[in-house]
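**Q** This is what each chain is made of:
Number of protein chains: 2
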Amino acid sequence: MTAERLIYLPLGGAGEVGMNLYVYGYGKKGRERLIVVDLGVTFPDMDSSPGVDLIMADIKWLAQRADRIEAVFITHAHEDHIGALPLLLPQIEAPVYARRFTGHLGALKLSEAGLATDVLKITEAWPETVTAGPFKVGFLPISHSIPESAGLVIDTPAGRIVHTGDFKIDRTPGVGEAFDDDLWASIAAPGVRALVCDSTNVFQPAAGRSEADIADNLERLIAGASGMLAATTFASNVARLKTLAEAGKRAGREIVLLGRAMRRMVDAATETGVLTDFPRVLQPEEAADVPRDHLMLLTTGSQGERRAASAALSRGKYLGLELKEGDTFLFSSKTIPGNERGVLRIMNNFSERGVEVVDDNGGAYHVSGHANRPDLAFMHRLMKPKMLVPMHGEHRMLREHANLGEEAGIPSVIATNGMMVDLSGDRPEIVERIDPGRTYLDGSVLIGAMDGVVRDRIRMALNGHVVVTVIIDESDEVLGDAWCDTMGLPELGRSNAPLLDVLEEDLSQFLGRADAKTLRNDDKLEDNLRRIARQSAANEIGKKPEVSVVISRLSA
Amino acid sequence: MTAERLIYLPLGGAGEVGMNLYVYGYGKKGRERLIVVDLGVTFPDMDSSPGVDLIMADIKWLAQRADRIEAVFITHAHEDHIGALPLLLPQIEAPVYARRFTGHLGALKLSEAGLATDVLKITEAWPETVTAGPFKVGFLPISHSIPESAGLVIDTPAGRIVHTGDFKIDRTPGVGEAFDDDLWASIAAPGVRALVCDSTNVFQPAAGRSEADIADNLERLIAGASGMLAATTFASNVARLKTLAEAGKRAGREIVLLGRAMRRMVDAATETGVLTDFPRVLQPEEAADVPRDHLMLLTTGSQGERRAASAALSRGKYLGLELKEGDTFLFSSKTIPGNERGVLRIMNNFSERGVEVVDDNGGAYHVSGHANRPDLAFMHRLMKPKMLVPMHGEHRMLREHANLGEEAGIPSVIATNGMMVDLSGDRPEIVERIDPGRTYLDGSVLIGAMDGVVRDRIRMALNGHVVVTVIIDESDEVLGDAWCDTMGLPELGRSNAPLLDVLEEDLSQFLGRADAKTLRNDDKLEDNLRRIARQSAANEIGKKPEVSVVISRLSA
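These protein sequences, in sequence, are chains A and B. One point on numbering: in our numbering, the residue at position 289 of the first sequence is 289, and numbering is uninterrupted. Heads up: take any position in the second sequence, counting from 1, add 1000, and you land on our numbering.
Treat the hints with care, as some may be off.
[Claimed, not checked] Straight-line distance between alpha carbons at most 25 Å, and here's what the computed DMTMM-like set of lysine to aspartate or glutamate pairs gives: (1) A:Lys28 / A:Asp426; (2) A:Lys249 / A:Glu219; (3) B:Lys1544 / A:Asp360; (4) B:Lys1543 / A:Asp53; (5) A:Lys334 / B:Glu1340; (6) B:Lys1249 / B:Asp1359; (7) B:Lys1028 / B:Asp1182; (8) A:Lys324 / B:Glu1246; (9) B:Lys1334 / A:Asp360; (10) A:Lys543 / B:Glu1432.
[Claimed, not checked] Here are some chain A residues the structure puts well away from chain B; computed CB gaps all over 10 Å: (11) Arg193; (12) Ala207; (13) Gly480.
[As the list claims (entries may be wrong)] Restraint-style ranges between C-beta atoms, simulated for each label pair: (14) B:Ser1444 / A:Val431: 50 to 58 Å; (15) B:Glu1406 / A:Arg341: 44 to 52 Å; (16) A:Lys324 / B:Ala1116: 50 to 58 Å; (17) B:Arg1307 / A:Glu322: 40 to 48 Å; (18) A:Pro205 / B:Val1290: 33 to 41 Å; (19) B:Arg1250 / A:Gln204: 32 to 40 Å; (20) B:Val1290 / A:Val431: 33 to 41 Å; (21) B:Gly1542 / A:Glu477: 58 to 66 Å; (22) A:Val431 / B:Arg1220: 35 to 43 Å; (23) B:Ser1444 / A:Ala408: 57 to 65 Å; (24) B:Ser1444 / A:Asp481: 22 to 30 Å; (25) A:Arg250 / B:Arg1220: 47 to 55 Å; (26) A:Asp277 / B:Gly1542: 36 to 44 Å.
None of these hints come from the bench; they were simulated from the model. Computed from a prediction, not measured in an experiment: that's the story for all the values here. Every residue gets a Cβ at the ideal spot worked out from N, C-alpha and C, and that includes glycine.
Just chain A, same shape as in the assembly (with noise of 0.2 Å):
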C-alpha cells in the first residue's frame, strides 16, 4: 500500500513571469485529488510568439485529470492570475473561487466569452474556508497592486501550505488591505510545511517601499504642472489611480480616464466597495469644455502598447484630446524588461510634440507590488516553514531564492514548469517531470506552441514568401511555365532583372529537363521545385526565402 503524498506542480509562472497557473494534489500517487491556483496569460512578442493574442500554459495534464479537479481559486485579478480564466475552464470543469472584486472581473470575462458565469463563487476572506476534497482552503488578504489581493492558507492532511500569491509587505497600501502582521503570525502559528512564496524582486536589495511613499511627490508634481497633465499607471493599480485622482482634484483639475481597462477596473472596484470616495470623471467628450490646464487624463498603456490610450496620445489626437508643448507626461510606472523599445516610442513622440515627460524618477513617482530581498526574507522568518518554494519569477530569480532560503536553513527547491515537487517529506523533493508547453490564443483558436503555426510565421517574417504555381496535363506533361508570386522580397537582385523572372526561368529550366518519373511524383517535384527557388532566390538576393509550391493536375 503507498503512503498518501502532498504534491505541488507549477505548469505555469516558475521559470518566467508571467501565466501564473500551479497545482496542488493530495493523495495515493497517481490518484491525487487535485485544486489549481491560477489561470493566468502571458503576452506575446514579435521575436517568438508574432501575431499571437495571448500566451498560457498548455494544460493537457489537467484536462486528463479533469475528474480529479476539486477547484479553481484566483489569487486576484492581474492578467498573469486570471486571464486565462474564459479560455482555459472548458478544459477544467471545477468550481472558481474567488474574493468579491476578483470574482467581480472573472465574471466579466466569462460573460463576454459566452461562458456561464454561475461557476464562480465569491468567498470571504480568511477564516472563512473552502473544503476542496483533501484541501481546505482560505483567502488570506496580503498587499500587493491591486485590491483584495490574496495568499492561500491551503490545509491539507499532510500539514499547511502558505501560497502567498503575488505580495508586497506594505502596511499603508492606499486602497485596500493594510498588511496585517497579527494575522500572517497567526497563521504560522500552527505550523507551516511549506511556504510557497513570490520571488520577482529577489534582486532588489532594499526594503520595498510603500504606495504612501509616493503620494507626496505625486502631489508636489501634480500640484506644479501647467498645461494638460497626464499620467498612466496599471489600470488594475486603483491606490495609485486614487492617488493621482485626488491629487489632481486638489489641483483643480477635472479627472478623465481613458482607456477600456481604466474605467473598467475603476467601476469594479467601485461596485465592489474596494473604492469608495473616488473622484467624479468626466467623459472624454465633456473635456472639450474644460480650459487644458484643468484637466487631468489618467491613460492606459504604461508599457509602452501601441494601441492604448498612452501611444494613441503619444501619436496625436485622440477622443478629442491632445497633449501639446508645455503639458506633462508622467509615467507612474516602471517599465517590464522587454517593454523598453515601445515605451521609449511614446517618450520621444511627446519629446517631438514639446511634452514634458516624467518617468518614475528613480521612484519617486512609483512603487513595486513585490516583496523585496529584506521582505522576503521577513516573510520567512514570519511563516517558519519547513521548506521553501520559490515560484512567480524567472529561473536566476528561483535560483537566488532558493539560495535566500537554503541561507537561512530553510530546505528550498528551484522548480520550473513542469516540475512536480514531493512536499511530504523534510525537503522539498522533485519527483516527476511534466513536459509544460504552451497554448497560444491565436485569432479564435488555441494552438499549440510547438505546432509550427507560429514558426512557419517567424520564417516568413524573416525570409519572405515564395509560392510556386505549375499545371501538370492530363498527360503527365507541364502545361505552360512554372510562375512565382512572392512576398515579402525584392523586386530586383543582383542581375537587376526581375527577381520573379529570374526563379521562373530557373524553375522553367528545370521543368523542361524533368523526366516523366518526376512529373508523375508530387512530392518529388515539389521537393526540386522549392530547392532550385530557394538557390535561385540565393544566388540573386542573398537570402533563401519559404518556399510553397502548387501543382495542379488537370485530370482527364
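Put chain B on the given structure of chain A with help from the hints.
**A** Quick look at chain B alone, frame taken from chain A:
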C-alpha cells in the same frame, strides 16, 4: 548675389541612437561643397525590420549631389559610425579619412566587400589637417570606449565647428588617449562657431566615471572567482579587454578570446600599435588541456545576440568549452534598451546550468563611453561655442541637451534627421527639411524601408498567408475548383473542419456564381477571391490573413 552659408544636415543619428551620418556644407545656397561625417549602421529588430541584416541612412540626397562631396571623415570604428562604409561608399565616391586604427578596420570592411581600399586615407591626429574644398578638418583625440576616437575640428570660412563625435571625459582611459583639457582648450581659443555634440547620456545626472575606476572591482572579482570564468563586453572596448585579460593573468588564468569580433579587434589594435602588452591568448582548442579554474574566456555578445559566443555558451558546449555549476559569467557591460530580452535569456540559461551570473551591478563592473550631463556642461563651458547642435541621441535626448545649452545661454537647436540647419547666423536656424529615410541591407540587396517588402513580411508574421490558385480555361471558365495553400495558420477552425476545406468551399461557391465579366477580369476576380478568403478565415479562425491570388489562364 546670394551669400555663402554654412549648413549642417544630419541624415542619421539625430533622433535615434545609431546609423550616424552627418553632412556639412559650405557655399552658395544649393551649391554648397559637402563633407560627410561617419557612415554608420543600426541593427534590425523583429518588431519593425524582421529578416533585415543592417539598417543605414537613405543617402539619395547625397547621391544626387555626389559631384559636390569633397570627402568622408570617420570619427571612430564603432559600427554605428563605420558599419555602412562598404555599403554606402559606392554611391558617394569620395576619399575617406580616418585615423590609423579606424582606417585599418575600415580597410578590412572594404576588402571583404570586394572594394578597393586605396580610397581610405590614414590621417594623423591634430594638428595635421585635411583640406576638403572650403573645409579644413583635423582629428582631435578624445576619450570614448574604443581606441583612437576623434572629435573633428572643422574650419570653414564661416568659422570653426567642433564635432565631438562620441565621447566621454576620461583622463585615465587605460588604453588610448586621455582627455586632454589643454588641447581642447587650445581648439576653443580662437572661437568656436558651433559645437555639434554627443547627447547619449544627457539624462545621467552624475559626472561620468573613468575606465580606471572599475579596474580594482574587476581585479577583485576575477581574483576571487573559482571554476571557469567568462566575461563579456563590447569587442571594441579594447581597454576593457586589456583590464580583464591582465586581471585574469594575475589570477593565474589563461585567456581565450571567443567570437570573431573579439579576435579581430585585439588583432587590429595590436597591429596598429594602439594596444601593447596584451597577454598571450590561447586558441579554444588549446584550452582543453588547461584546468578549468585556470581559464578565462572573453566572449562577444554582451547585448544578448543569439549567434554570438555568450549566447552560444549559455546554451551549452561551444568550441569544446562549457560553463557549469560553480563557474562564473560576468557582464562587464550595460544592456542597451531594447536588448533586455536577449540578455535575460542568457542569464536564465546560465542560471539553469548553475553558473553564477554577475552583471554590471550598479556600475561596479562597467562604465559608459558617453559624457553624462555634467560632462556635457563641462564641454559647453570649455568650448564656449556661439551655438550648440545636439546630435547622437533620441529626440528626448536632443531636446534635453538643447535645454541644457539654452540654460547656459547658448543658442541651441533640435535638429533631427533630414533637418538642414544654417549655422551662418547668430543662432542655428532650420532652413530646409529633407525626407530622411532608411535603407535596409536585406540579404545582399539594398532596399528602401518604405518599399513595402518588410511591411509585407510583418503582415505575414502577424496574420499568416493564404495562397489561392485558380485556373481559367481558354473559354474563360473555371477549370476545377479554387484551391488554397496556407502558411502560418492553424489547421482547424471554429467548425472543426480543416481550414483549407472551408476556404476552398467558400471560394468555389463564389466561383460557381461568378459572372463571365468577373471571370474575364483578373483584377476583379483577384479582389473578390481575396475578400472571400479573408472573410472565410475571419469566421473560422478569427483572423484575416494576407492573401495572394494566382490566376492561371490557359491560352487556346
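**Q** If you check each hint against the structure, which ones fail?
**A** Numbers 3, 7, 8, 10, 13, 15 and 21, in rising order.
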